[in-house]
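The lines below spell out each chain.
2 protein chains.
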Amino acid sequence: MAHTLKLGIAGLGNAGQAVLRDLPAISEVVLGAVADVREKAVAACRAKNPHAEVHSSVEAMCQSRNIDAVWIATPNECHAVHAVAAANGGKHIICEKPMALSLSECDRMIEAAAKNRVQLLMHSKAGDPPIRKMREVITSGRIGRAIQISSWNYKSWLNYPRLPAELDTAKGGGIVFRQGSHQVDIVRCVGGGLVKSVRAVTGRWHPRFDTEGNYTAFLQFADGTPASLVFNGYGGFDMTELTWGIGEGGYPTAERAAKGSVVDAPVDPIEKYSEPTRAERRRRDGARHQPFFGLTLVSCEKGDMRQSPDGLYLYTDRGREEIPCAPFTDRAGELRRLYEAVLEGRPEFADGRWGKATLEVLLAIMESSKEGREISLQHQVPCTL
Amino acid sequence: MAHTLKLGIAGLGNAGQAVLRDLPAISEVVLGAVADVREKAVAACRAKNPHAEVHSSVEAMCQSRNIDAVWIATPNECHAVHAVAAANGGKHIICEKPMALSLSECDRMIEAAAKNRVQLLMHSKAGDPPIRKMREVITSGRIGRAIQISSWNYKSWLNYPRLPAELDTAKGGGIVFRQGSHQVDIVRCVGGGLVKSVRAVTGRWHPRFDTEGNYTAFLQFADGTPASLVFNGYGGFDMTELTWGIGEGGYPTAERAAKGSVVDAPVDPIEKYSEPTRAERRRRDGARHQPFFGLTLVSCEKGDMRQSPDGLYLYTDRGREEIPCAPFTDRAGELRRLYEAVLEGRPEFADGRWGKATLEVLLAIMESSKEGREISLQHQVPCTL
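If you read the sequences in order, they're chains A and C. Be aware that the first sequence starts at 164, since it is given in the working numbering, and climbs by one per residue. Be aware that the second sequence starts at 164, since it is given in the working numbering, and climbs by one per residue.
Bound-form chain A, shown alone (with noise of 0.2 Å):
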């Protein structure tokens, strides 16, 4: 390859378009070609970028010589066969969350990816500039060793339109596979990777959707850290209230939606992927702060941490200090971490086999809460930062 990277695209949903969004701000990675199922995702696509090559099925894409690598944003269901398609066509990956439904499923992309030499990594927020530098405090050995995490995130999951999938947790939705993919990989990160117990409960309170929508899961760490973790998608209270206001985006959320407006039933792909999507329509006015996915206290042996609008705040016992963060690109940042791993041939973060680890929790989470007990984890791996 040259020291330009082609990226394919598997599935134009709001993970696609959010690829697309981004690309231009990456100059060495450019558009290859786009796989969706949907004619319509497809046409509006060609529209814009009359380059790219259009296919409509990822294991076609897969085969084009027009792209190195690709990224799998198609249904979670669709994960695993995608990923290994992609691999086994020479391609890079870098994958949605989560990885995928299964741990086996996650052992045949790991095993496709080795097999053909290629990168797996894995869309992540721990990959996020303020979760890197709270675990850049940690591993600096500033304020010590971590002792004590705790994330809380309150959002609207379940009132924005969804897929029939994202309401069917065998189909990897629900808000534990949807949203703690996040609050686990950033909790994870923060406390190294290596949680050793799960206990948890999930609820099931939405009155029409039949899935997760909320849970409450005590992790514990090799180490003996604890962590607690806090995700209610109902839509109530919205953790924004505490956190400037400031969401996943890194921009001021937009005022709730008019009260009224609940969502009845999963709506149809067609009608959710009509123009404008989601990516495009949300608010991105005024200066870009750091992302905020809920509120993250991390507690050491010689202070505390949580993100401030543009960075940390950092407590000790010489008071408050403000560490600012390399800017968030989303996941521009991503894509150029994919291409220093393409080109230096080295590993990144976040790879297969942390994709595999938080998977586990994530399970973990579902089989507490179902058999009432705590539950002892085997494929946890080290955060690498």
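Source of the hints: derived by calculation from the structure; they are not laboratory data. The structure displayed is predicted, hence computed values, not measured ones.
A pair counts as met if it fits within one copy or between any two copies, since identical chains are not told apart.
Cross-link-like lysine to aspartate or glutamate pairs, in silico, EDC-like; alpha carbons within 20 Å at most:
#1 533 x 386
#2 203 x 431
#3 465 x 427
#4 359 x 537
#5 465 x 373
#6 359 x 530
#7 169 x 185
#8 359 x 534
#9 334 x 270
#10 465 x 485
For this one, chain A is given, so just place chain C on it according to the hints.
For chain C alone, coordinates are given in the frame of chain A:
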């Protein structure tokens, strides 16, 4: 007794001083006597309260005909002995938290109160107006049952001057016994009282004091509701940053102590309780808001709740609504409840069985951490609010 209740205060430390401070707010209760082993504390009190009896022993005060009730504010390890002495003297009781150090001590207190037909009430932040109001919203059925409770508190507990016993877990010291009492009371009250199991990790990370300084606890109620409790007392991040600067007294918290004034050793009781006491010294400027013991988020089937500065915020599909609360009167409110309970001969919240159940949770938090497993509870009682 007449329609005035004569109160004896056992112990003139912070809690006893707070009772003295709040007594004038309730005309139906008057000071009859005080008891403390420390001559200086007694002398200072006598100067301000010339009509009250003064005793150097709680047992002696409990035989006085000049009191109808005793507020037990002696060190935690003395609560049981002093409560039994009060009951055997025919005195009604309000006991500071934690109720005692063991469940068998609680049993002796409960039995003595029953045998002597006196009220045994617990000082508890679960009785504060915002917590009562949350419970009231739940029992009203307006937003359905509780499905998820989460409570965080980060405060500089270990950086205040502390007596040796406050830093000795064997004597009821450390933040599980001394601060966990409040957090568990609040969460049990909102959740209905009946905790089924506890999984927790406690930490002893203070560089000089070998007692619990933080904990993370996962509780499950008998109806399945999960609760997450996080407490950190080392003095880095302060939770009032997220509660409009309002702390436990309902007033804006004073500026932090100048940095560098780190506490290195336990303090001498005589020095600590020299005038002015902390209860008097605390900033009490401006309008009084409701008290905040950290931040507690309560999710129910149809909405969420948290405290607002002067009441509750209720989040439902109709948006955010503020619910006012009765004014916070601190220990005067508890004296009024004792007065009414005595006058009307009826049970009041929170009684001895409640205090014992909260202690059971605290002991389980420490046991779970020590043994690395979930602890099942046997002595829980429902919230009568």
